[in-house]
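Chains as they are written, first to last, in the working numbering: chain A, 376 to 960; chain B, 98 to 210; chain C, 368 to 477; chain D, 82 to 326.
A portion of the hints provided could be inaccurate.
Calculated from the model, a selection of chain D residues having no Cβ within reach of chain B, i.e. all distances over 10 Å [said to hold, decoys possible]:
{"hint": "1", "residue": "Ala127"}
{"hint": "2", "residue": "Pro217"}
{"hint": "3", "residue": "Ser317"}
Pair ranges (Cβ atoms, derived) [as the list claims (entries may be wrong)]:
{"hint": "4", "chain 1": "A", "residue 1": "Arg788", "chain 2": "D", "residue 2": "Asp189", "range": "29 to 37 Å"}
{"hint": "5", "chain 1": "D", "residue 1": "Gln213", "chain 2": "A", "residue 2": "Ala744", "range": "39 to 47 Å"}
{"hint": "6", "chain 1": "C", "residue 1": "Phe476", "chain 2": "B", "residue 2": "Phe180", "range": "31 to 39 Å"}
{"hint": "7", "chain 1": "B", "residue 1": "Phe180", "chain 2": "A", "residue 2": "Pro409", "range": "53 to 61 Å"}
If you're looking for bench data, these hints aren't it; they were derived computationally from the structure. Just so you know, even glycine gets a beta-carbon here, dropped at the ideal spot from N, CA and C.
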Amino acid sequence: MKVQIERLDTDILILGSGGAGLFAALHAQESAPPGTRITLAVKGLIGKCGCTRMVQGGYNVALGGGDTVERHFMDTINGGKWLPNQDMAWRLCEQAVVRIRELENEIGCYFDRNPDGTLHQKAFAGQTADRTVHKGDLTGIEIINRLMEQVLSRPIEKLQEHRAIGLIPTKDGAALAGVLFIDMRTGGFRFVRAKCVMMGTGGGPTMYKYHTPSGDKTMDGLAMALRVGLPLRDMEMVQFHPTGLLAGDHTRMTGTVLEEGLRGAGGQLLNARGNRFMFEYDSRGERATRDVVSRGIYSEMRKNNDPAQIGMFISMSHLGPDNVRKKFPGMVKRCADSGFDLAAGKVEVVPTAHYFMGGVIVDPDTRTALHGLYVAGEDAGGAHGSNRLGGNGVANSTVFGGVAGDTMGVDIRTMKALRDPDESVLAAEVGRAIHPLAVKPGNVQALRHNLQEAMWEDAGVTRTGFGMKRALNRIAEIRNKLAATGVDGGNLAFNLTWHDWLNMASLTEISEVIAAAGIARENSRGAHFREDFPEPGDLDTSYFTVARRVHGELEVSREPVLFTIVRPGETILPAGEPETLVAAH
Amino acid sequence: MIRPHRSHPLWLAYFLHRVSGLALALFLPFHFLLLSMVISQPQTADALLRFTDHLTVKLAEGGLVFLLAVHFFGGVRLLALEFLPWSGKRKTITAAAIAFAFFVSGSFVLRAV
Amino acid sequence: MLNARLYMAQRLSAMIMIPLVFGHLAVMIYAIQGGLTTAEILGRTKGSVTWFLFYGTFVAAVSVHAAIGVRVIIHETFSLKGKWLEATTWLIGALLLIMGARAVLEVTFA
Amino acid sequence: MTEARANMMISVWRGMGSTGKFETFEVPAQDNQTVLDVVTWIQQAADPSLSYRYACRVGMCGSCAMMVNGQPRWTCRTHVKRVLRDNQIEIAPLRNLPVIKDLATDMDPFFDKWVKAGGVHRASRSRDMPIQEVKPDTAQRQAADNGIECINCAVCYAACDTVSSNRDYLGPAALQRAWTLFNDEKVVDKQAVLDAVSGSGGCHNCHTQGSCTKFCPNDLDPLGSIAGLKRETAKSFFRRGSKQC
Ligand SMILES: Cc1cc2nc3c(=O)[nH]c(=O)nc-3n(C[C@H](O)[C@H](O)[C@H](O)COP(=O)(O)OP(=O)(O)OC[C@H]3O[C@@H](n4cnc5c(N)ncnc54)[C@H](O)[C@@H]3O)c2cc1C
Ligand code: HEM
Ligand code: SF4
Ligand code: F3S
Ligand code: FES
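Okay, chain A solo, but in the shape it has when bound:
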């Protein structure tokens, strides 16, 4: 098959249009020398794909009133069970303060106010202060719409529905030359050279049977980073949201989030017999943190073990249906549109894969080991450690996206020329992408189901060494089947089935890493819970896992966490500070 590759040059190339990508574009435009070409390439439409838009609860930022950056930092470290990269966590908490002002003052976001006109802040589980800034429960729409407008109205070049499929290094492998794309609308290949590339493709643990992220997120970025030899950290850390909607295999509604606030407001979780069970697992009951509630629900599901009744139930009706309708109008309407009565009935729920803490190893300025490549947002590992606090996700992507833009704007001044790609890598990546077109068409979706079952059962909410080894075998088998499953390439324009295949390729690649890293962590921290190693292990000798591909083989090692700011057992809060500023419920 003869493949044409269209070639294009730019100076700064940004992948993804979530909080990370859009902020990178804006900051690069501000900080790079005039005349610098900036191109934004994205798998969907600008601002309309990815998860930042789906943010409901809000944005964590310490804005005074007793709350401090130090307190936010300590919550982040405690929440991450001492695994975060402390310099990144500090940068996150410190810069969030600037970023929220930027969002309000320059970008034009409007977040909910108190009656006196100041910002309203609330507390998510795991926080010791009212810290989360929000716009109702549609915070992400406000943030992304405003960012999108800014980007669309500036001279930033757009490559929409351009799917990145390979990071192409230079011949000596020392630097990045550019990125290979499929123009999804035509099905053609396009190679874009750039001096600086920021990757913000947003991870996305969609290899689980139940998952929350948008359909375009399939771990493409991490798979590309792995193939180009970059080290990935904390890859076992998959956050589950406890209450995903369960509506059957055939509907895309399954897995979508029923918001956290429902439990906070007094929503009850009921098992198949209609009894509450969360107090058997935690004294805070339904109000415990996400990981605890997810495990509670998962345990009950296993106890019940009834294929006709898979999930548990969330029930709000005891709070008065009208009251529920008033308090959660969006959620009630969404359930009603899907055929469920949240206000007066009960809705079946399961834990659902929500966020990926693992990612590419970066420095606090978002630089990676590959010269010319920067990574920010959910694709970057380190800021959250083993667990991400609600509200720290969008703070993370917007903070580091901006940092990446600034850093590139500075670095590009010393990069005089575009770099030429290693043509053999380029050809190999094209070959990988067109592989299915030469194979007899088969059922890609069935394989996706298999993978999702395997990961849910063997590398999901609770894990064992035995299970994860079995997961590795199942993944290897699926990978082989995928290679033997083709796609009809008669018309490559907007060929979703081809992209389903490519999605599966990324997902299997990263699923393997998740299971392998999970095997390497022989303790339970945050989102990673092993029944065979239920203890968190010694905090002082905390390690994080690092996975990389060396000569084609996946290798996982452990590296010690550097306590550059605070050591376990200590705090940076002034003596006598109360443990929490949040009024008890």
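Since chain A is already given, all that's left is putting chains B, C and D with the ligands on it; use the hints.
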């Protein structure tokens, strides 16, 4: 058949307003012509005006008054919507305007006949 | 194809016509009920400055109003724009104004 | 839980650019099935070459809108029950936008107009300044809030006949965004907002067809917003007029 995205009162009101406006615009020059003739060719004009005694002509005239009424009340409705602070009762205004237009033109036609 | 100025012209002319059309409708109903002849109509209008102003204003307003109204319809139906659309608008306006003015003059002064 | 029932007959528009035709598929009916699920089933189980677009699947991203039985809708939030007539549904790409392939449209014109309508905040403060205090329950803020949850799905844009017949018309969503800016206390130069919507494709071209408000899945009211713009531009017309004299 009215296409699905059009089957609601506001769109129908828009459509009536457009049709009536256009019809009026087409009729008005003839009306002016007629009035001019009243002077320059009184006989013809008188004949014409007497001609309006015929039932069909009366109905046609009634139709035009109907158009004027429809357009008039539709127009007043639009001006109210556009220039008065929005009332939240658009559909009611629309319905009332149409009903009123029918009432006026209806009574006109009945009286004329 | 309406900008703020054309829009204002159209809406203002419409507002001006509101009392005029109301009055006209009333006159017509009265006229038809009374079975008026030409002579009778003329008897009332000839030499009357009031009637001149009444119908004169109406003619001026309706010329502006209808010209812009038809302009919009032409643009939206035939995608006509630019010079030709401007020309058409003026033509319709002028036609209505001239014919209307003639009628009013004949009815009131001639 | 998901027992299959009688099959539904789904006709789907197929084609590229401006040419194409409807094709009919037999799709098994299920509980809890949205129109997006039906489209997905066709692509995954019947015809792998079917093209469409979606992302969030919960009514937040606004990329899945299509014409369902001739009416624009978010497909991810439309339960099949609501649109099934005689066991049939007709699904076509969103109206008033160029078709890329099958059910996927090119939304660029919609967003170009969003920008053209001045739909972007112009900063008057910097990130180094404190966040402006804004009282949440003034009438002005309420007016801004009423339109702010637009997810730019272009359902209103597809419903509006003025958009179809007037190429330059900015359309309901973009104009509504301008109205939210006009009412935003943080926006200093209100006249600039009005000027951006007063050109040849501006708010004055709206004929109050009301399809935008009727079909907005978010229960927003672009018609009311546009009326607001007309009112304010009229006021500014007189203000300016008197200044010029
Ligand atoms: C339902 C939901 C609710 C959430 N609620 C909250 C909350 O309340 N608070 C909070 O802090 N966090 C929340 N999060 C997490 C938060 O959304 C993410 O942490 C954050 O938005 C990630 O931002 P990002 O820019 O890294 O990625 P995203 O916003 O996901 O953007 C990724 C972008 O990359 C693009 N892309 C992907 N692959 C490719 C490719 N191969 N080529 C080109 N482009 C590609 C995507 O299309 C997309 O544009 C929530 C997440 C979900 C799913
Ligand atoms: C008091 C009387 C009238 C009022 C209040 C009135 C009001 C209006 C208004 C508000 C519009 C704008 C509609 C829109 O843009 O959607 C309009 C349009 C129009 N009017 Fe009138 N009008 C009146 C009399 C007339 C007369 C007498 C004529 C004919 C000669 C006329 C012809 C038109 C035409 C052709 C349009 C364009 C319709 C369209 O764009 O759909 N109007 N009118
Ligand atoms: S106003 Fe409503 S229909 Fe129009 S784009 Fe916004 S959300 Fe969609
Ligand atoms: S449908 Fe169109 S004409 Fe105006 S009221 Fe809405 S924008
Ligand atoms: S898929 Fe996002 S709105 Fe339907």
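Hint check:
no.: 1; hint: Ala127; result: 26 Å, holds
no.: 2; hint: Pro217; result: 21 Å, holds
no.: 3; hint: Ser317; result: 14 Å, holds
no.: 4; hint: Arg788/A with Asp189/D: 29 to 37 Å; result: 33 Å, holds
no.: 5; hint: Gln213/D with Ala744/A: 39 to 47 Å; result: 42 Å, holds
no.: 6; hint: Phe476/C with Phe180/B: 31 to 39 Å; result: 36 Å, holds
no.: 7; hint: Phe180/B with Pro409/A: 53 to 61 Å; result: 47 Å, violated
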